[in-house]
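The listed protein sequences derive, respectively, from chains B and S. Oh and the first sequence: position 35 is 37 in this note's numbering, straight run, nothing missing. Oh and the second sequence: position 57 is 1042 in this note's numbering, straight run, nothing missing.
Accuracy of the hints is not assured; some may be wrong.
Claimed, not checked - Per the computed footprint, the stretches of chain S lying under chain B, defined by three or more beta-carbons under 8 Å from a beta-carbon of chain B, are:
| no. | region |
| --- | --- |
| 1 | 993–1004 |
| 2 | 1007–1021 |
| 3 | 1025–1036 |
| 4 | 1049–1062 |
Unchecked claim - Under 8 Å between C-beta atoms, here's a sample of chain B residues computed to sit facing chain S:
| no. | residue |
| --- | --- |
| 5 | I40 |
| 6 | I46 |
| 7 | L54 |
| 8 | G55 |
| 9 | Y81 |
| 10 | I85 |
| 11 | I98 |
Don't read these hints as lab results, they were simulated from the structure. In this text, a Cβ means the ideal position worked out from N, Cα and C, and glycines have one as well.
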Amino acid sequence: MVRVDNNKLQGVKMDILQISEYILMAALAFYAIATIRIATRKTISMGIVGLLGLSIAVATILILVNNIYGIAFCKDIAYALVILGPIGTIAFSKVIRGW
Amino acid sequence: MADIITLIKSAIMIIAAVLIVLTAFGIIRYKDDVERILYARVHMLGVADMACIVALLALNEPLLAVTYFFLTPFASHAIANAYYYGEESR
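Isolated chain B, as found in the complex (with noise of 0.2 Å):
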């Protein structure tokens, strides 16, 4: 009969969590970098694109920092960064279209 170590299969399960949570992180630095390539392009909205794209990015990273390494004002900052990145979005949008 074939035993199972309890202990090492949760180790186990729980190295695929954290593999895949930092899999997750890796592409959105690179999807962060995309972002501020589009974000420097000439025309002003092409910038406001980026930088939509670039806040769930950033505030995704900081969540994950938050479980992966339990730095607990990286959710409050997270927060922060998805309320005020699309509100500053559509202010911003208002602007250039003209009141």
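Please arrange chain S on chain B, whose structure you already have, making use of the hints.
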């Protein structure tokens, strides 16, 4: 039971990562001289937005995910609207 949930969370995060990488390739793929590329980029950004929302749900942050889920369509519409009536007509 908890282990199955962990596996599902991991699968969701990996799928979200794949979608985010595809979006990143998509938005830098085209040059600026393509006509009305901004609308295409706003459209592509929606994929990454939804992938991030699903990832946030998998990370046990439902309030953050729901807040962004409600705010991001307004922001995308505002950008497209501003481009149509403001920058494109100049």
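How the hints compare with the structure:
1. Figure legend: the region 993–1004 of chain S, annotated as covered by chain B; annotation consistent (8 residues with Cβ-Cβ distances under 8 Å, at least 3 required).
2. Residues of the region 1007–1021 of chain S with a Cβ under 8 Å from some Cβ of chain B number 6, which satisfies the need for three, so the listed coverage holds.
3. Counting residues of the region 1025–1036 of chain S whose C-beta lies closer than 8 Å to any C-beta of chain B gives 5; at least three are required, and the coverage claim holds.
4. Counting residues of the region 1049–1062 of chain S whose beta carbon lies closer than 8 Å to any beta carbon of chain B gives 8, which meets the minimum of three for the stated coverage.
5. Annotation: B/I40 was flagged as interfacial toward chain S, and the flag holds, the nearest CB pair being 6 Å apart, inside 8 Å.
6. The restraint placing B/I46 at the interface with chain S holds, with a minimum CB-CB distance near 6 Å, inside the 8 Å limit.
7. Evaluation of the B/L54 hint against chain S yields a held restraint, the C-beta minimum of about 6 Å falling below 8 Å.
8. The restraint placing B/G55 at the interface with chain S holds, with a minimum CB-CB distance near 5 Å, inside the 8 Å limit.
9. At its closest, the beta carbon of B/Y81 sits 6 Å from a beta carbon of chain S; the interface hint therefore holds under the 8 Å criterion.
10. The interface hint given for B/I85 is met, as the beta carbon of that residue sits about 6 Å from the closest beta carbon of chain S, less than 8 Å.
11. Look at B/I98: its Cβ gets to within about 4 Å of chain S, closer than 8 Å, so that hint holds up.
In summary, this structure violates none of the numbered hints.
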